[in-house]
Each structure stands twice: as structure tokens, then as C-alpha cells.
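*Asks:* Residue numbers (the numbering used here), protein chains in the order written: chain R, 1 to 735; chain V, 1001 to 1318; chain H, 2001 to 2211.
These are calculated hints, taken from the structure and not from any lab test.
Glycine included, C-beta positions come from ideal geometry on N, C-alpha and C.
Just so you know, not all the hints are guaranteed correct.
Unchecked claim - Across the chosen pairs, the derived CB separations fall in these ranges:
#	chain 1	residue 1	chain 2	residue 2	range
1	H	HIS2056	V	ARG1086	40 to 50 Å
2	H	THR2049	V	GLY1253	32 to 42 Å
3	H	GLU2054	V	GLU1064	41 to 51 Å
4	R	ARG611	H	GLU2208	38 to 48 Å
5	V	THR1125	R	LYS232	36 to 46 Å
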Amino acid sequence: MKFDTPATTNPIDKGRVVGVAHDRIDGPAKVTGSAPYAYERHDAAPNAAYGWIVGSAIAKGTIAALDLRAAEAAPGVLGIVTHANAGKLGKGNYNTAPLLGGPAIMHYDQALALVIADTLENARAAAKLVRIDYAPQDGKFDLAAEQGNAVKPPDGGFGGAADSAVGDFDGAFAKAAVRIDQRYTTPDHSHAMLEPHATTAAWNGDKLTLWTANQMIAWSVGEVAKTLGIPKANIRLVAPYIGGGFGAKLWLRADALLAALGARQIGRPVKVAIARNQIPNNTTHRPATIQRIRIGADKNGVIDAIGHEVWSGDLPGGGTETAAMQTRLLYGGAHRMTAHRLATLDLPEGNAMRAPGEAVGLLALEVAMDELAEACGVDPVELRIRNDVQYDPEAGTQRPYSSRKLVECLRAGADRFGWAKRNPKPGKVRDGRWLVGMGVASAFRNNLVGKSGARIGVDGAGKVIVETDMTDIGTGSYTIIGQTAAEMLGVSLDDVIVRLGDSRFPASAGSGGQWGANSSTAGVYAAAMALRAKLAEKAGYPIDQAQFDDGLVKLGNQSQTLAALAGREGLWAEDSIEFGDLDKRYVQATFGAHFCEVGVDIDTAEVRIRRMGGAFAAGRILNPKSARSQVIGAMTMGAGSALMEALEVDTRFGLFINHDMAEYAVPVHADIPEQDVLFIDELDDKSSPMKAKGVGELGICGAGAAVANAIYNATGLRLRDYPLTIDKLLRAQTA
Amino acid sequence: MKPFTYSRATSVADAAKTAASTQGARFIAGGTNLLDLMKLQIETPTHLIDVNHLGLDRIEPTPEGGLRIGALVRNTDLAADKVVRRDYSVLSRALLAGASGQLRNKATTAGNLLQRTRCPYFYDTNMPCNKRKPGSGCGAIGGISRSLAILGVSDACIAQHPSDMAVAMRLLDAQVDTVGADGVARAIPIADFHSLPGDTPHVETALKSGEIITSVTLPKPIGGTHVYRKVRDRASYAFALVSVAAVFGKDGGGRFAFGGIGAKPWRTPSADAAASSGAKAVAEAALSGARTTHHSDFKKTLVERTLASLYRQKEARP
Amino acid sequence: MPSDHLTRRSLLQGSAAIAAAAPALVPTGAAAARPTAKEGTGMIPVELTVNGREVHLQLDPRTTLLDALREHLHLTGTKKGCDQGQCGACTVIVEGRRINSCLTLAVMHDGDKVTTIEGLGTPEKLHPMQRAFISHDGYQCGYCTPGQICSAVAVLDEIAAGIPSHVTPDLDKVSLSNSELRERMSGNICRCAAYPNIIAAMNDVAGETKA
Ligand SMILES: Cc1cc2nc3c(=O)[nH]c(=O)nc-3n(C[C@H](O)[C@H](O)[C@H](O)COP(=O)(O)OP(=O)(O)OC[C@H]3O[C@@H](n4cnc5c(N)ncnc54)[C@H](O)[C@@H]3O)c2cc1C
Ligand code: SF4
Ligand code: FES
Ligand code: FES
């Protein structure tokens, strides 16, 4: 099905199942521990051996000598994979550094060997016996030091052009009545999903099966094929349950490749999990940024000139953190510029993490807006409303938003949060030992769409079965896909069986960039339309008059059951949704407004969040229950980025030194109080037949800035280097 | 983890004897620190002596009016003990500020005292670390050192002692009771128990090879208002940037011990002497000789602020 | 017992004169020295009662309780998030107490009763806490979830038993509140951050048990 004209009324609009809050259908499996994750496939690969990854001890250089004798002789060792015996390997399109290093080493903890043994204990111990002599080389590890050497990256990729310019930014900025010109920095972030990257691999002849924690099944089949040099048809990926991803599992990573190589070498299934303390340096992370924001406005805060420049670094061949992208679209202003510059660094490879670009771009932009509000003496909510724009401000009115409810979000959110009670003067509100402040920030995240397929059938018992390679990484895919099928075929959610995460199923858009929910359910919609046609035809009813209700296909007062129509052998249909240029003709994005109240200890500068709330517009909310969880989860990650999350770069050795979950702090229960989420009614007919948009990343966008702005309101301290930790607050206070 | 053999000791004498006669033997209590380090091969014992079944899990009054806490009393039980809550509440508070509920259910009194530093370079076996590998250098000096110590440090090592419990023990003038490999018992004042790094940062305590901790004894209660304040960015399940244990007397006097800033649980008589002069004076006394890095310099301010917070807390109480 | 962080260098001059308290030198008899290696193999017999079922294992002494459950008993409901005590995914209830099963050896639990998520309930017969997690959406990816649920069940017991926490205002007056639940659950990290939903689920169950 091609989606190239705005959706009209369709079966989803019934809203009987879709749009209604449902418990997750995968809930019972998850809360009882019976949902199998990648490392737990005793059912599928009962005799899997254990692989343990040996990572590089240096950041850059080559292997001078590799001595495996002691490891090979260790108890239980079945084999060792290294570059020397792995055979010729390609490199996936989405990998910057080879997943198996050697002789060249591109980053710290790059995998150099996989030691396989009969038990985990033996594999881990033997891995320590692999002796590697290194010939180290000097590397570049300090983004600030390399800022001057950063270059304009090639256009394209996920981000589009590196630079943009409209009007005369410099001139307008110079003339503006009120000017903000500030530098902000965000550190490297780690996804820190709870399930480590893990894979169980088994070969059957030349056919490979990978039970693997991967968000993007179809992509990754291609990546495995390219890396191993085998046909895609010989590869099966299975990922019914994934313990979080946040972008970390978009790619083929070392666990999967090495498990496959190991299993081939020893002729037996092998499973590999990347050890927690290897994850930050072995896998990908969100790159650090340096950002400069300049805003020129009139006395009332109406923006005339807005500029956003971003510097980030990556390995040679890597990409930028596209943190200025939202600044092209979020606020009005006739004179505009954005620029991304990329430095070469020899740190582990940077890549996408939840809301790449916006998540850190808004940490800067939305603080700059707070600074502008203060400079103009305009309420920060009102300032954002004044600068609302209903079209792409770079392209002009000919490219309107498909739907943009930022103003509604700001108003409704402010109202619910009690924003009116905020004292605009910082440092004035005290509650016991706490200085209390409130902050606001806009949320903005692009709406991306992607081709997505599904197969849907009815069996002889009238059960509806949906199969697609779409993944559920906690996002609620099982349930919204089930809801879509139930709505389309007029059955209850209990009568739908959803099967996900298997490359034998039709290729979906996968889970990433918050495109998954909208695209994959639209794919199910397309397949369901095809099945409806088949069912109607079998019933002998004209499709444009057939009704699908209560497990029946009806025409007037005649009806037939789905079960009878499907017959013993069942009835199946397959289709996919393909998107035309509606996302080019219209800007499609999701919006929201974050509000936060913090307390800052008057003595110690400890920051504790007291309340968070927000209003969000993201098209049709398919399952308000799981959508709310996506949003609060993302708000929490945003709070983490504001208050504690930072991979610390040791610029001498070239690694993230705090590479475990004790040293890389993410929020715990005690950090997170009540979180209130309001969804603003919105149907976006240009986004998909579902009239939905993504919501999984929107919640992180701006959340951290609201925290930072609340800290300012509480204390009068404006910090621009994230995270806003006690040491920085104290230094600012005593400066 | 390197292979090791395992045995359960049935008595202290048996444990000490096994330790003395077995090369590379080590006691294991809760295991929450030792096993973590063994997985990383930072610790590589060849034999583990399980001391969990020695009956060292009792808390009993001493004839002197104090309290003897068995070495194997779990942190949860110690914090919840009625007498500790009543007479040594700073100890309860310190324990409850540490780790997580699950960890405290396992962690023991002796193990907590003996837990090793959380210096990230110590934890990464590819990095230089004089404590882990004497003579290899110190990765943290000139590296990332925000969480590390500023007092009692040396050119060889700036690691912090991470325990909360030990700070309260230090404050309360606890004594560590041990039995040596030779079967001889002794008592070590907590002040002498942990050693400073000097040029031998791998030497961390006064324990001798094979010596087992049997209990920790608290002198009789000192009364006063007990407070423990732990400061960290994350609200829970995080080690201290700075922590202060204090007991304020009715007479305006007080005593203080500090965590997060010392190479060992930190206490100075001059800080106690300054108690009646307020937070600033106490901080100044406590911080004499402090050596900071450009990452850890804020800790000096934070010590003073934490003390100020404590004084405020004290005043707020009846 | 030479070890890598203790040396024989005498540091004790100052402390030699301190009178020693009487240590507990008496064997308690509570535990026999049962687990000893089978000659030659290095394997040790371990007997556990897991979810009410007695199991007999021969284990490498290096095997953690977590790996014994997951790799030997195929009880994979208990998760490994870090293997370092830093996340709480591996939380199980041993002899009535929640612990991190990644930081304890299986042999240390010879003779112990272990309850895992599988022992609390099944999809057909959910434990009230499991049901509450579903109805409050107290999870997303599900990976931290078994640990959260085991902790949640134990936390309510701990509060009932009067065990104080870091945020208990008066150590002798332990009661249930949101801040108590949050503090006590902080050893269970949820990166999907279903935190408020988990607290809601716990309140729900606590209310039910009270009623
Ligand atoms: C993620 C995480 C967070 C933590 N956060 C904190 C925190 O905030 N504050 C804090 O204070 N602690 C914290 N801890 C540390 C925790 O308190 C310690 O791991 C625990 O107290 C160690 O006790 P254990 O009984 O498990 O010791 P074990 O690991 O069993 O032993 C530790 C050491 O003591 C030796 N030993 C044990 N018993 C005896 C004995 N009777 N005689 C002689 N030697 C003995 C062992 O040989 C070993 O060397 C944290 C730990 C983790 C993993
Ligand atoms: S501070 Fe001490 S523990 Fe840390 S690297 Fe230096 S020597 Fe090692
Ligand atoms: S796996 Fe045990 S605490 Fe993370
Ligand atoms: S549900 Fe994913 S980590 Fe908690």
C-alpha cells in the first residue's frame, strides 16, 4: 500500500481498540520471567558454549604479537576467534570500526578475540590468559582540543545537510535589541539498557541462526551478510524480546558477529554477552557536543536571528551528532544559520542514542531560550508561544507543518503543572533546606516514517495472527500491533496473536528514531486491508460495504464468522506500507512541553527533582498506557542527562574510564518522583493511515533542559556544561 | 575468576588455621566486594574460606556497657538492631545510606570495613594502578579523580575509602577484634585499622596474613544527637562524594568523621575541638593538609557545606 | 595467607597493647563443612531448594548463584544486567531475604531456600505483585522486571518487619510511604524507567494486603 495522500476516514477511526489504554499483551510473559531473551535460548540451542570477548587494552595502534597458547591450554577451552583465524570479514554499512579488531586497533575495548569454553567460568578465566603485545600509536581523544580541527562533514546520512542558512544571520544578529550568545557542552552518553548486547548463534550447514538482542532485524540481516560474506537467505535473526536498546542495538555488534564466528569455528552453538564493563567502550555511545547558540530578538522576545553551531567527534568515517537540526524547525525568525562540524577522535565509535540530535540539541537550545526569556523579561512559556511558527521556517510557508500543537502543549502543560505559581525571580523560593525552582522546555522530535511490512491471517478458530519482523524493545509494539489488527478485523485484542522479531516475517521499519510504532502499525494496517478484501471476497460481500465486527464479516443483516471464512487452512494476506512524499511536502514532527520542579539543597547543592510534568502531541496515541510509559521513561533519561550521566574521557589513555553501572550513574527510583503526562488530542492525517506519530523519543527531548532551567530558577546559577553535578554548582556558587 | 577451592569453616580457630596453612587462601563473607573483584581478577585467591557459618552473627552487650557486633552481622541487621538504633543511631544511619537493600542484606560488618576502593583505575586492569599492581603508577593522578580522596593521599595513590559504615565506626571509636593465624586474639582500634597509602597503597589494613575479624566492639554509648549526612548526585545507590558522621553533645561539643574524602575513614582531633565554633571552623580543621586535584577541589567546599547542613539539622531538632 | 593487598610489613606498633575482647572461638555446629570438592574434578555438590523444589547440582565453585539458576537450572527469569551488583536485575529471595544473586556463589548457599520470579507466579497463576505490575505498566522491556518484582515483594515484608531505611524519619517508626518505597527500590535500576508505575503497583499490593 502506498501512502501518498492524506488519510481519510478509515477503520482505525472507530477507536474501539486503538487509542484505548490496554495492558501489554506481553505482560504475563515478562512479569513471570518466561519471556526468553537472547542469551536464554536453552530451548533453541541447548548445548551452546560460552564465548567471552577480549577487548583491546589500548585505544589506538596495532597488535604486535598475539599469544594464545596459555588460553588454548586452559580448562574447557574449545576455541579462540581472532582476526588471524576469522577469515576475511567485511564491514557493515552501519559500523564505523570493525567489530573484530586486529591487527589494527581503532578504539579501546575493541574486540580482539573471543575465547570459547564449555562454561562461562572457564571462558572468562581463559580470556584473561590471552596475551596481546601492543604497538600503540598516539590518538586524539579530546573534543575541546580538536574543536579547531573539526571539518564540515559530508551531507546526507540520517541528518541531511550539515549546514543551513537563510537570510542574513550575522547582520540581523548584530542589529538585534536582545542578544544571547552562549556555549554549551554535553558529554558522551551511554545507552545503559539493562540487557547487555547478547547473542546465541547456531549454524546448520551454511545456514546461520542468531537469537540476538537487535532492534532492526532486516537491516541487521544485511549487515551480517555483508560482514560474513554469506547470502542473506542463509541468515535468520530472532529477537522476540529485547531488554532495552535506546539505539544501542540498532546495529550488528561484536556479540553477534563473534558468536557466529565462534559457532562456526567450534561447530557448536555459541553464546556471547558483552560484559557490562565492556559495553561503554566496546559498543557505541552518544557523542559529546560543544554547541554555540546565538539568538537575536526584539525587546518582546520575538526572534529575528537564530544560529546554532555544533561540534562533535567520531572515529574516521564516523558521523556527527546532529544537534542543531531542531533549531532549523522549532522557532520562527527570518535570519537563520546552523552548522555541524566533525572532529576526528580515536574514542570508541559514536552513534545514535535515543533521539539523536534533538536530545542534546535541546539541552542547549532550550536553555538558551530560557536565557532569552530572562533577558527580555518575558515568561518562558509565553516566549515560546511568541516564537511559534506553523511552517518550516527555512523553507517558508509553502512547507507547512502537517500538524503542530506546540502552543497547545505549552498552555495545557503550564496549566496542569501550576506554572502560574512560579516566581520568575530566581533564588527566591525556599522550602526547608531546599531552594525550589520551576523550569519549562519545549519538546520537539522529528517524525520519521519507513517502509514496513506485515503478514496477517485468520485461523480456523477465528484467531487473528500477525507476523512482522518488528521488534518490541519495551516500546509496546506487541500490544499496539495487536490493537491495530483487532481494530481492523473487528475482533477483541484477546483474539489476536502477535509474533515479532523474526527475519522470517515480513520486513518492518524496525525500532528506531521513534518511527517504529507508526510505521509498523501502518504496515499491519496495509496487510489487514488486504486480508479484509480477501475475507469480503470469500464472503461474497462487496468490500466497500462489508463491516468487520464481533468476529464477523457483515453485510446489512447478513454475516459470516471469520473462522468459517478462514476455513481449516486459514486465510492470509501480506502487504507493506510505503510512504510517498508527504513528509517532504509537510514538516512532520511531534511536540510537547516539559515542566519540572527541583529542589536544590541550600548547603550542599544536591539537586532533587520534586515533580515532572508535560503535555505532548504526537498524533493518535495508539495505546495511552504504554505511550505514557515511553514518555515518562524518556523524561527520566532526560533527567539523567541533566543531573548525572556522563562518560568520563581519560584523554591520556583514550577511553571512557567510568565504564560500569556504578560509575556511570543513571537515575534510580529515589531520583524520580511523580511524573504527569497529558496527551493532546491530535490526528495527523499526513503521517500514516494510523494518523499516529512516534512518541518514544519525544519525552527525552527537552526534558533535561526543563531540569536545568528549574535549577536556574531555584538558584540563579546558570550552568551550561552538562551534567549539572554538585561540583559544578558549588564552583559556580563560589566563583 | 581464577579457579579456586572452597571450604566452609566451622569455627574461628578452624578458619584461621586453614588460612594459615593454605597458600592464597582468603575469607569470604557476603562476597559482595570480593566476588566482584575476583571476576575482574583484581583479586585472585586460590582458596576461599567461607566464614558465614561461624556463629559470628550476634550483637551482644559487653561488660563495659558497649556493644560487640559479630563480624558476620549483616549490614541490614546491624542497622535495624534495637540497641544500635537507640544508642548508636549514627551507625544505623551510615549503614542505611550505603549500597542498596539487597547488598546490605548480604554485606557483613567485617566485609564492609575491608571493602576496597572504587577508584575507576583500580577497577580497570588495563590501567596503571599502584594499589592493584605495585609500581605500575597511578592512573587517577592526572586522570579522572572527582570521586577520589583529598586527605591522607600520597603521590602513589589518591584512592578514597568507600565505606559509609566505617565512617560511623571511626566516629564511635570502635575496635576491631581479630584472631591471628596463630590463634592469638587482638583488638585493633579503628583509628589504626586502615592504613594510609604512603608508597605502599596495596597495604590497606593492619590485618596480618590469615588474621580473621571476629567482631567489632563499640564502647559504651556517648549520647548526644547522632547525624549522618551523605552527599551524592544520585539520590541513592551511590557512593559518597562527601559524607559526615557527627555526634553533637548538649554542651555544644561534638565529634566528626568523614567519608568520601579520605584514603581511610577520616577523623581529626582538631576538628572535634572546633565543634563549638561551627561548621567553618570544623571544616578548616578537618581539611588541614588536604590535597586536591582540579577535579576534586570542590570537596573542600562540600565538606564545609555538609557540616553547615549538619549544624542546621542539629539546630532544627529539639 | 599471602594476598595481593596485605603484606607482612608490620604496621602494628601502635596497636599491640590493646586488650583483646574475647572472640567467638567456639564452633557453632550450625553448619557442617559439607560442601567439599569431589576428588580431582574441582566440582562441588550443591543442594538448593529452589521455588520449593530440591535440586542437586555439581558445580564449579566459581559458579554464582545467578549462573547456577540461569545456566544450570535454566531458570532464566532471573536476569543478568551487570554481574557486578550494580543494577539489581539478578535479585532473588534467599532464606526470606532479597539479595543480588550475581555477587554470591552457589556453593555458599548449599542447603538454602531460594525463591525466584518463577516461584512467585506463572502466567496462568500470577502473584499479586506480578498482576499489579501488569495493570500499572510497571515495566517496559521487561529485563529489570523479575528483579524489581522480587525486590518489591521483599520490600513490603521489610517495611512490615520494621526495618528502617535511609529516608525513615524516625528509625523506630517505620511506615509505608512513596519515598520509603523509592529509596528501598533504588537497588533495582530500570533504564526504561517505569519507576512511578512500579511504585503505584507496590502501593496497590500493599493496600490489598492491608485490607
Ligand atoms: C554497587 C555497589 C554499591 C555499593 N555502595 C556502597 C555504599 O554506598 N557505601 C558502602 O559503604 N558500601 C557500598 N558498597 C560496598 C558494600 O558495602 C561492600 O561490598 C560490603 O560491605 C562488603 O561486605 P561483604 O561481607 O560482602 O564482604 P566480602 O566481599 O565477603 O569481603 C570483603 C573483604 O573482606 C574480607 N573479609 C570478609 N570477612 C572477613 C573476616 N571476618 N575477617 C577477615 N577478612 C574478612 C574478604 O576476604 C575480602 O577481602 C557497594 C557495593 C556495591 C557492589
Ligand atoms: S588512586 Fe590508588 S587505586 Fe586509584 S589508580 Fe591510583 S593507585 Fe590505583
Ligand atoms: S546482575 Fe546482579 S546486580 Fe546487576
Ligand atoms: S523494564 Fe526495561 S529496564 Fe526496566
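*Asks:* Now, for every hint given, state plainly whether the structure supports it.
*Replies:* Structure-based check of all given hints:
A C-beta distance of roughly 45 Å is found between H/HIS2056 and V/ARG1086, which places it inside the suggested range of 40 to 50 Å. Our hint of 32 to 42 Å for H/THR2049 and V/GLY1253 is violated, since their Cβ atoms are close to 54 Å apart. Taking the beta carbon of each, H/GLU2054 and V/GLU1064 are about 47 Å apart, inside 41 to 51 Å as hinted. The beta-carbon spacing between R/ARG611 and H/GLU2208, approximately 27 Å, falls outside the hinted interval of 38 to 48 Å.
In this structure the supplied range 36 to 46 Å holds for V/THR1125 paired with R/LYS232, their Cβ-Cβ distance being about 40 Å.
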